[in-house]
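Undergrad: Residue numbers (our numbering), protein chains in the order written: chain R, 256 to 411; chain W, 34 to 360; chain B, 370 to 885.
Source of the hints: derived by calculation from the structure; they are not laboratory data.
Heads up, some of the hints might be wrong.
[To be verified] With a straight-line Cα cutoff of 25 Å, these simulated PhoX-like cross-link-like pairs (lysine-lysine) come out:
(1) Lys717(B) / Lys869(B)
(2) Lys67(W) / Lys398(R)
(3) Lys717(B) / Lys95(W)
(4) Lys67(W) / Lys95(W)
All figures in this text were calculated on a predicted structure; none of them were measured in a lab.
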Amino acid sequence: MRIADRLLGPVLALFGLFVIWEAHKLPAVPGVRFGADLLPTGAGVLLVLFGGLILLSGLRQPQEALLHLDDWKARGLNGVAALWAFGGLLLGMVLFEPLGFPLTGILFMAGMMALMGARAAVIVTVAPIFVLLLHYVFSGLLKVSLPAGVLDGVLP
Amino acid sequence: MIHEGMSRGRRALCLAGIALAATAGPALADWPEKAVTVIVPWSAGGGTDATARAVASELEEKFGQPFNVVNRTGGGGLVGHSAIAQAPADGYTLGVITIESTMFQAQGLPGVTPADYTYIGRFNADPIAINIAADAGYDDAEGLIETVRADPGAVAASGANRGGLSHLAWIGLLDKLDIDPAAATWVASDGSAPALQQLASGAIDVVSTSPAEAQSLVDAGEARTVALISSERSALYPDLPTTTEIFGTDWSPLPFRGLAAPKGVPEDIVGKVETALKEITEDPDFQAFMASRGFSVAYQDAATFEATVTSSSEGLAAAMTSAGLAQ
Amino acid sequence: MSPATLLESLGMVLQVQVLLAILGGAVYGLFIGALPGLTATMATALLVPLTFYMAPLPAIALIVSSTAMAITAGDIPGALLRIPGTPASAAYTEESYAMTRRGDAVRALSIGFFFSALGGLIGAGALLVTGPLLARVSLNFSSFEFFWLAVLGLLACALVSGSNPVKGGVSLVLGVLVSTVGLDITTGQPRFTFGSLELMGGVSFIPVMIGMFAFSEILRGLSAKDDTPRPGDGDGDRPADTRSQRPFQGIWGLFRRYPLSVLRGTSLGASLGALPGVGGDLAAWIAYGVSARFSKTPERFGKGHEEGLIEATSANNAGLSSAWIPALVFGIPGDAVTAIAVGVLYMKGVAPGPRLFAENPTMPTAIILCFFVANLLLFPLGYVAIRAARLVLAVPRNVIVPMILICCFLGSFAINNTLFGVAIMLVAGLAGYLMERNGFPIAPVILGLVLGPVLESNFIMSMQIARGDLAGFFDRPVSAVLGVFVIAVIALTILSRIRKALRPGRADRPDTSYIQ
Chain R
256 MRIADRLLGP VLALFGLFVI WEAHKLPAVP GVRFGADLLP TGAGVLLVLF
306 GGLILLSGLR QPQEALLHLD DWKARGLNGV AALWAFGGLL LGMVLFEPLG
356 FPLTGILFMA GMMALMGARA AVIVTVAPIF VLLLHYVFSG LLKVSLPAGV
406 LDGVLP
Chain W
34 MIHEGMSRGR RALCLAGIAL AATAGPALAD WPEKAVTVIV PWSAGGGTDA
84 TARAVASELE EKFGQPFNVV NRTGGGGLVG HSAIAQAPAD GYTLGVITIE
134 STMFQAQGLP GVTPADYTYI GRFNADPIAI NIAADAGYDD AEGLIETVRA
184 DPGAVAASGA NRGGLSHLAW IGLLDKLDID PAAATWVASD GSAPALQQLA
234 SGAIDVVSTS PAEAQSLVDA GEARTVALIS SERSALYPDL PTTTEIFGTD
284 WSPLPFRGLA APKGVPEDIV GKVETALKEI TEDPDFQAFM ASRGFSVAYQ
334 DAATFEATVT SSSEGLAAAM TSAGLAQ
Chain B
370 MSPATLLESL GMVLQVQVLL AILGGAVYGL FIGALPGLTA TMATALLVPL
420 TFYMAPLPAI ALIVSSTAMA ITAGDIPGAL LRIPGTPASA AYTEESYAMT
470 RRGDAVRALS IGFFFSALGG LIGAGALLVT GPLLARVSLN FSSFEFFWLA
520 VLGLLACALV SGSNPVKGGV SLVLGVLVST VGLDITTGQP RFTFGSLELM
570 GGVSFIPVMI GMFAFSEILR GLSAKDDTPR PGDGDGDRPA DTRSQRPFQG
620 IWGLFRRYPL SVLRGTSLGA SLGALPGVGG DLAAWIAYGV SARFSKTPER
670 FGKGHEEGLI EATSANNAGL SSAWIPALVF GIPGDAVTAI AVGVLYMKGV
720 APGPRLFAEN PTMPTAIILC FFVANLLLFP LGYVAIRAAR LVLAVPRNVI
770 VPMILICCFL GSFAINNTLF GVAIMLVAGL AGYLMERNGF PIAPVILGLV
820 LGPVLESNFI MSMQIARGDL AGFFDRPVSA VLGVFVIAVI ALTILSRIRK
870 ALRPGRADRP DTSYIQ
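Could you build the full structure based on these sequences and the hints that come with them?
TA: Right, here's the structure in full:
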């Protein structure tokens, strides 16, 4: 998605104003001249300034459409794959605790591989091996606690 | 809840155990059956992390299951302390808590209060010390306090964020000495390392932190540790006077490190860990490790630890209110 | 440093135990560093229980070599998959990844390992001579001086943000804003947390880096392909290594072409690295900026040019060894890794401090020599790693992309053991995707995220000390010199921009070459 500069500029400037407004509400410490609001306010001012500059340069190209969606070329399965990369991980966050990392990981990976056109034989070997290996490396060797979920007690 | 049935006697315990086993849950008697997570609210490399890892590796040896240390950092310990309190109360998540856990409530921060834990035991407590620059115009705590009193604003102190324990210990002392806490500027810093750097560079005058952390700078002749903000001398630094001896104040904020679990963890698990922790603190190897880092070993059992936390919490809340830090 | 001390220390290092510890640490560090999302800090923390049972020098050697290797190996996923290992390596990830896309992966990795090792060796050599002196100087740096250094680091952004400084500035400001989320140290109160407990802990840069660089790149690749790929499809996006080079081939030629870059990068790294807290992360950024500033071909930066990569990687590893100096001499650790190391030293009865240098100079010397050996090991282990890395490039796209996604997930989870990190990664990925499509560079976001807190805390600390008087920044001699220098750099940069703008015939369109 490409956004024309003459739309992007005002959006950034507005965001800058919002930041300044929010920073304004932060509590101050008595007797201290510069406090928690200083950096956010400075950042907000810069955003307003930069937003203005981007708007100015955008006004020189008035023929440009406000929104380009031309980068979304993905069709068919590949389009689903692009969505699954994001949505699948989102779903993974939900299933992570109850189902455990190994199963969630294998499900996500198998789905992704299938959508990207991998052969079935490759999927059923690579996905479980890779995910279980990662699980072992992280929770076994590196002591990062990954939930085993339904496989609790089954995996070493 | 299972833990409520526990105190009614062994019969209830057995029944609960059978019921649990029937529902494919872990049988309590066999805890731990799998890896236990130990949450540390402070980052890897700090003192709390080092002691927690030492305790965890000893627990691992005793129970034959991994005790994995997990650092949940951020928010001045708030994130990790809440994570411990909110973990499932099945005994497979424990945590190392520090004195900050007793301060969030008074600071007006949501998430966790001292009542949200099952206390297991304390293994360490070290007082905070007053450290001054070697080239200061005074060489003891009286001189420092006289300067603060005589010339408000001349002395800048640091050691932690505003509202952190280091800050509280310092202004609490000033408060007990009837000095306006604003008479010494507090420079908010992100922990004691940046504060010590500031002290060495001559930008500030006082750092309130544990004597162990200032030790190297003291050895380098850049800083001097003049007193412990405490009413008791430390076994590791027997020559350091305390502020109670010097000024006759009654102010002893004692940072602690202890094991805790979420509220509602079955009592027999708490008992097992409590006993193990007692044995660990009596182990000469562990004591040698702690001494080598300048940490004292100060065991308290679950009940005493809980009492300590409660009284510390009340004392700190009062100090924060009088210093205008409470919300 | 007397020759006798040096010989004695060498004797200590050349023991089987120590050498084995260095080798073991290096292999372990290589492994951890190459896993996307795992940090050198985590690698070191995991070694601590192991050091309980080791003699002092092998224990330290283990930590020294594993961190040196982990940080260098962090450049592998950076170059191959666009997942930077450390905030420092985010400075040049674009550059090395651009080389990979061009089919020059082996060359990019060779540069990474070779010049890291070289920088590390030269840095360690310099430390042997100047160590305690450097420590003494670094101890005089207060928040006033650190503030100016942070500003200097931000200026480096102006030089890495391509030809559209305004959009680069927006990226930087967004990074700074993200860094302000969390509990504020001045007031101890939440800022921009909107009531969320997780946000009170702040946003850590690892998930942001993974999301902005790696995840957004995958989204871009997937959405830009217009049909479903069939099995055995060629890889249009990530070309396999077409020029079959051997690791380190032609590197010596590069060294002869850019000797000044190596020298500048190393000295910058070694001196900045000695400043506790800020040095390590800043060195690579400033080195990259300096390189672009003095290059004869600044227009080639960001498109797979070797020069900046050479300078920044040498600075990175040179800074790594000097970060140990304030830790060893004064017990002030500059980062989590040295903090752990200081802890291990204490535990082993080797208390850091000037007394260590005075009473037992063989120990600190031996530690610096361990750096030497570890950096030497970068050559053979780097060779193996680069050979192995070529296998990664040979994996078909429909296998490697799902693998990277799983690693993105796991890496952002592991940094703080929370799914919140994964959420940050996903959001950062979408944001990074949108930003790149609209010509906003990504690297400045990471710089802002890392430097924001440094800038803010040092400014506020300074102003608390100076009671709100801005003139305080020119009171201390070193601070005054730094301040005048920084202001001069800003003035000159603005002047040259104005001069360029006034020159007629210059195209005013934003550079979109990196959007494709």
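Undergrad: Give a verdict on every hint.
TA: How the hints compare with the structure:
| no. | hint | verdict |
| --- | --- | --- |
| 1 | Lys717(B) / Lys869(B) | violated, 60 Å |
| 2 | Lys67(W) / Lys398(R) | holds, 13 Å |
| 3 | Lys717(B) / Lys95(W) | holds, 24 Å |
| 4 | Lys67(W) / Lys95(W) | holds, 14 Å |
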